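S.K.: Each protein sequence line maps, in turn, to chains W and P.
Numbering-wise, the working numbering puts 280 at position 35 of the first sequence, and it's gapless, one number per residue.
Numbering-wise, the working numbering puts 302 at position 67 of the second sequence, and it's gapless, one number per residue.
Keep in mind that the hints were calculated from the coordinates and are not lab data.
The structure displayed is predicted, hence computed values, not measured ones.
Accuracy of the hints is not assured; some may be wrong.
In silico DSS-like cross-links for lysine-lysine, where the CA-CA straight-line distance does not exceed 27 Å [claimed, not checked]:
#, chain 1, residue 1, chain 2, residue 2
1, W, K286, P, K306
2, W, K286, P, K303
3, P, K303, P, K291
4, W, K285, P, K306
5, W, K286, P, K240
6, W, K286, W, K267
7, W, K285, W, K264
8, W, K285, P, K240
9, P, K303, P, K240
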Amino acid sequence: ETGVTQTPRHLVMGMTNKKSLKCEQHLGHNAMYWYKQSAKKPLELMFVYSLEERVENNSVPSRFSPECPNSSHLFLHLHTLQPEDSALYLCASSQDWGKQGGGYTFGSGTRLTVV
Amino acid sequence: DQQVKQNSPSLSVQEGRISILNCDYTNSMFDYFLWYKKYPAEGPTFLISISSIKDKNEDGRFTVFLNKSAKHLSLHIVPSQPGDSAVYFCAASASNYGQNFVFGPGTRLSVLP
Numbered sequence: 246e247t248g249v250t251q252t253p254r255h256l257v258m259g260m261t262n263k264k265s266l267k268c269e270q271h272l273g274h275n276a277m278y279w280y281k282q283s284a285k286k287p288l289e290l291m292f293v294y295s296l297e298e299r300v301e302n303n304s305v306p307s308r309f310s311p312e313c314p315n316s317s318h319l320f321l322h323l324h325t326l327q328p329e330d331s332a333l334y335l336c337a338s339s340q341d342w343g344k345q346g347g348g349y350t351f352g353s354g355t356r357l358t359v360v
Numbered sequence: 236d237q238q239v240k241q242n243s244p245s246l247s248v249q250e251g252r253i254s255i256l257n258c259d260y261t262n263s264m265f266d267y268f269l270w271y272k273k274y275p276a277e278g279p280t281f282l283i284s285i286s287s288i289k290d291k292n293e294d295g296r297f298t299v300f301l302n303k304s305a306k307h308l309s310l311h312i313v314p315s316q317p318g319d320s321a322v323y324f325c326a327a328s329a330s331n332y333g334q335n336f337v338f339g340p341g342t343r344l345s346v347l348p
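Using the sequences and the accompanying hints, generate a full structural model.
M.R.: Spelled out as structure tokens, the structure:
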């Protein structure tokens with residue numbers, strides 16, 4: 246596979262559940278990102294990893310926990326979420342973080358519904 | 236307060252005509268701008284970019300114009316095609332902020348046959 250792949254595509258979870266979102270990129274990029282897109286709102290940056298180290302955490306609640314075990318994989322671990330966390334979660338990658346030029350390659354997203 | 240605004244949530248255009256999508260920003264430090272296109276059930280895909288050293292960038296049917304003094308950019312699609320129907324996001328970044336782009340809320344373009 247090429248590009249950025251996210252699994253699962255859809256996820257319904259209860260507020261007491263623990264689940265994980267997975268992102269994989271086969272582009273040789275050094276930076277990976279988690280974005281949240283809520284209905285009728287702009288994309289919100291959640292986390293940035295550069296060379297497997299977290300470089301940004303945009304005041305995201307601790308019920309969201311990212312993990313980047315290597316430069317190709319990024320996870321978002323979820324626990325005790327709230328209904329307002331229901332959104333489209335997008336993973337993206339770019340060649341390098343901290344340099345302008347080009348843009349992101351996005352995955353197709355995980356549509357999360359918290360019930 | 237949104238730093239990147241796309242004040243038209245939706246736009247309808249006849250096939251073959253010009254589509255103009257607008258974007259305004261408030262942060263004068265922004266110096267690099269991108270447009271993304273998003274189809275339903277897919278992630279956004281990069282369309283075209285422009286640096287603040289330019290006022291125009293063209294790629295096929297797509298042209299982006301930047302007016303720095305007005306803090307305004309626009310995307311022109313000529314001629315519009317039904318396959319262009321999608322949500323278009325404007326994004327901006329500042330050179331001292333790397334690739335942390337700030338996105339607008341998007342404009343849904345419908346190109347009518």
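S.K.: Now tell me if each hint is right for this structure.
M.R.: Against the structure, the hints come out as follows:
1. K286(W) with K306(P): holds, 21 Å
2. K286(W) with K303(P): It holds: about 25 Å lies between the C-alpha atoms, which stays within 27 Å.
3. K303(P) with K291(P): Measuring from Cα to Cα gives roughly 11 Å; hence the hint holds.
4. K285(W) with K306(P): Holds, because 23 Å separates the two Cα atoms, which is no more than 27 Å.
5. K286(W) with K240(P): holds, 11 Å
6. K286(W) with K267(W): holds, 23 Å
7. K285(W) with K264(W): holds, 25 Å
8. K285(W) with K240(P): holds, 12 Å
9. K303(P) with K240(P): Measuring from Cα to Cα gives roughly 15 Å; hence the hint holds.
Going down the numbered hints, you'll see the structure goes against none, and every one checks out.
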